[in-house]
Amino acid sequence: MLQKIKNEIVESQIFKSVFRHGYPDNDLDRAYAIFSSVFLHVHPVKVRRSALRMRYTFCLGGITLFLFIVLSVTGIWLMFYYTPYTGLAYRNIKDLQFVIFGGNLMRDLHRFAAHGMVLFVWLHMTRVFLTGAYKAPREFNWIVGVVLLVNTLVLSWTGYLLPWDQLAYWAVTVGAKMASYTPLIGQNGPWGPQLGFLPTNDIMFMLLGGTVVGQNALIRFYVLHCVVLPLVVTVFLAVHFWRIRKDGFSGPL
Amino acid sequence: MTNLSAQTHQSEDGGEGMSPADKGRRKFLVAAGWSVMGASMAGTAFAAYKYLFPPVLYEPPTVFKIGHVSVYGLGVDERWKLKGRFWVVRNMRGIYNMISICRHLGCTPNWFPDQKRFRCPCHGSIYDAHGNVRGGPAPRTLWRGQITRDPLDGELIVNTVIRLDPDPVQTPQGLWVKEKVKEVDPFYITHSAPGGASCASNRLLC
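Top to bottom, those sequences are chains A and B. Quick note: the first sequence, position 129, residue 129 per our numbering, numbers continuous. Quick note: the second sequence, position 201, residue 201 per our numbering, numbers continuous.
For the record, the hints were derived by calculation from the structure and aren't laboratory data. Just so it is clear, the structure is predicted and the values come from calculations on it, not from any experiment. One or more hints might be untrue.
Facing chain A, a subset of chain B residues (Cβ under 10 angstroms, in silico) [stated by the list, open to error]:
| # | residue |
| --- | --- |
| 1 | 48 |
| 2 | 50 |
| 3 | 52 |
| 4 | 53 |
| 5 | 54 |
| 6 | 55 |
| 7 | 56 |
| 8 | 58 |
| 9 | 61 |
| 10 | 122 |
Glycine included, C-beta positions come from ideal geometry on N, C-alpha and C.
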């Protein structure tokens, strides 16, 4: 009876259109399982035993990807209760911490995963540097990695402002002030004033949407943090993984 | 069960040549593993479900203290429409309130004192001062909210969440519910008519 029901399901057109291969208990179907799936096809169809050795890569890039996924998921949960408005942002954060079931857990997961992502990007790049994996033909992917590093840091910084507390406000005030010292395009930078840059038209003004950190800066950072930068990171991650498949591993894999 | 068999099937030796004790142990471990997996998935699903129900709301209140009966004259009073989304209606026998939500698709009808009708601007439902449907697509009569007297100072308290919604009857005039059915505790406060009032001014109030 059970066998009959199972056969009915497995033989159905819907099942066959989702699982386009047999049960992966032979080499051919195992290969199909990997490269007929959009999520698995970044993996090689066959992995050598030596590739499973942890101590070459320490899976640092994989951990970074995992943390990015954790950040995306917890970030979406947080967005359900967060309003990027100066009058509400701090209260929303307090509600998440003290009122919403699991809100504090989501906040903490998001925060610690963010710290962890910065840490593991750094460890990953250190490993790549020490094993010489940045050398040709992988120098392109090293640059992609540097772009991802910068995006990770900017994501951290933009996310920093969103709780709209004293720490956030002054940290971003200081960070934005640094932008005003940019040569040529900052109000305080070398040649900036000479080129006519004032607090109302320089690069810091563009970043904050004003001369001080206010409502425009909050919505700007929110959009960057929740939409623009994650999209950029996702695109560069795709290129990063694609290059790994094309160039191969640098180690004895 | 399919998962269990799939797991054993997947293992490299297929369980052949194993002692019955080893097979039992493997079966137990697989079951235990899937149980932990299932429990953690169920816990996550429950937490995700609970997360979506905020225990604190920043919505307008639903309970209003609206003052003594004597504050209100005969007929429909609109003073609470903006703040509380309900009308206070006083007739010769007492006082009640109606929720300002059209029973068609939830817009807010307007009161036209000259016509003695509520008209909904969205799809044209028409109600009379009792909330009976006189025209348009509304499928039921207007809700009446709970109205009680504060035992301490005698002021009226309206609760717009607790609502009276009896089944209407189709009549040539429209969808109808007898006043007898709607003028019941706790949706009606019986009170003597204001001095000098008579049924002649508006027969709907009698």
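Tested hints:
For residue 48 of chain B, the suggested interface contact is upheld, since its CB lies about 8 angstroms from the closest CB of chain A, less than 10 angstroms. Using the Cβ-Cβ criterion of 10 angstroms, the hint placing residue 50 of chain B at the interface with chain A is satisfied: the shortest such distance is roughly 4 angstroms. A distance limit of 10 angstroms between C-beta atoms decides the matter here; for residue 52 of chain B the minimum to chain A is near 7 angstroms, and the interface restraint holds. The interface hint given for residue 53 of chain B holds, since its Cβ lies 7 angstroms from the closest Cβ of chain A, which is under the 10 angstroms cut-off.
Satisfaction of the interface hint for residue 54 of chain B is found here, the shortest Cβ-Cβ separation to chain A being roughly 6 angstroms, below the 10 angstroms cut-off. Using the Cβ-Cβ criterion of 10 angstroms, the hint placing residue 55 of chain B at the interface with chain A is satisfied: the shortest such distance is roughly 6 angstroms. The interface hint given for residue 56 of chain B holds, since its Cβ lies 5 angstroms from the closest Cβ of chain A, which is under the 10 angstroms cut-off. With a least beta-carbon distance of about 9 angstroms to chain A, the hint placing residue 58 of chain B at the interface is held under the 10 angstroms criterion.
Residue-level restraint check for residue 61 of chain B is violated (minimum Cβ-Cβ distance to chain A is 18 angstroms; threshold 10 angstroms). A distance limit of 10 angstroms between C-beta atoms decides the matter here; for residue 122 of chain B the minimum to chain A is near 29 angstroms, and the interface restraint is violated.
Hints 9 and 10, counting from the list given before, are not met by this structure.
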